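Assemble chain B onto chain A, guided by the hints.
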Amino acid sequence: EAGVTQSPTHLIKTRGQQATLRCSPISGHTSVYWYQQALGLGLQFLLWYDEGEERNRGNFPPRFSGRQFPNYSSELNVNALELEDSALYLCASIPSSGRAGNEQFFGPGTRLTVL
Amino acid sequence: AQSVTQLDSQVPVFEEAPVELRCNYSSSVSVYLFWYVQYPNQGLQLLLKYLSGSTLVKGINGFEAEFNKSQTSFHLRKPSVHISDTAEYFCAVSDLADYKLSFGAGTTVTVRA
Numbered sequence: 240e241a242g243v244t245q246s247p248t249h250l251i252k253t254r255g256q257q258a259t260l261r262c263s264p265i266s267g268h269t270s271v272y273w274y275q276q277a278l279g280l281g282l283q284f285l286l287w288y289d290e291g292e293e294r295n296r297g298n299f300p301p302r303f304s305g306r307q308f309p310n311y312s313s314e315l316n317v318n319a320l321e322l323e324d325s326a327l328y329l330c331a332s333i334p335s336s337g338r339a340g341n342e343q344f345f346g347p348g349t350r351l352t353v354l
Numbered sequence: 002a003q004s005v006t007q008l009d010s011q012v013p014v015f016e017e018a019p020v021e022l023r024c025n026y027s028s029s030v031s032v033y034l035f036w037y038v039q040y041p042n043q044g045l046q047l048l049l050k051y052l053s054g055s056t057l058v059k060g061i062n063g064f065e066a067e068f069n070k071s072q073t074s075f076h077l078r079k080p081s082v083h084i085s086d087t088a089e090y091f092c093a094v095s096d097l098a099d100y101k102l103s104f105g106a107g108t109t110v111t112v113r114a
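Chains as they are written, first to last, in this note's numbering: chain A, 240 to 354; chain B, 2 to 114.
Just so you know, these hints were derived from the structure itself, not from any lab.
As the structure is a computational prediction, the values presented were derived from the model and not from experiment.
Any given hint could be a false lead.
[To be verified] Quick partial rundown of chain A residues pointing at chain B, CB under 7 angstroms, derived from the structure: (1) 308; (2) 345; (3) 346; (4) 347.
[What the hints assert, rightly or not] Now the stretches of chain B that chain A is said to cover, found in silico as 3 or more residues with beta-carbon under 8 angstroms: (5) 46 to 58; (6) 97 to 105.
Heads up, the beta-carbon is just placed ideally off N, CA and C, and yes, glycines get one too.
Chain A extracted, bound-state conformation (with noise of 0.2 angstroms):
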């Protein structure tokens, strides 16, 4: 069985600019979450989407979207890129029956360095 799987490995973008990062879930699994990773803070919630609508998001400012298209691939757009959004964004997948207590299955991430 494939495991989550994201796109690109590594960005890199000048500040401005926009990015765009893609996780596809583990086959049957419909919710996804993205969380960041960034030094020296931790691992924080992100965003939650599940059956295609976005269902809870963390404490991040609006410029952080996404999607979650009708196969439950998801997309994270990050607009206005700052410095400090340099991180590891790491995707997450579960199936939503029977989600309580379920293992969220983690992508390997997608660097992003913000220049």
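Frame of chain A; chain B shown alone:
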């Protein structure tokens, strides 16, 4: 809201010695508890989880953790570590509303020969 405190940021340990990683959490509601491991340049992998029942939980790679409700702790242990256990370890809690994970700051374990 939940919060997680990992009491040790760095834990150096010799090969075949035991290790304990401490985790305390705070929450006003019931939560699920998890330990994840992150090897260099990789995503997170689940070591073990506590949902309910027996307070001693066994996970992969010889790890185990004990849930202590009165002390709101979920410490991770391994009786004998290997070089390959060198990694960063994260304690996390998940609330029962939206299942998002709140993570501790992480503990870096370095195993030396």
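Structure-based check of each hint:
1. 308: This hint is violated: residue 308 of chain A lies away from chain B, its Cβ roughly 21 angstroms from the closest one there, beyond 7 angstroms.
2. 345: Result: holds, 4 angstroms to nearest chain B Cβ.
3. 346: holds (5 angstroms)
4. 347: holds (5 angstroms)
5. 46 to 58: Since 4 is at least three, the answer is holds.
6. 97 to 105: Three-residue rule met by the segment 97 to 105 of chain B, so holds; n is 8.
The structure is inconsistent with hint 1 alone, although it conforms to all the rest.
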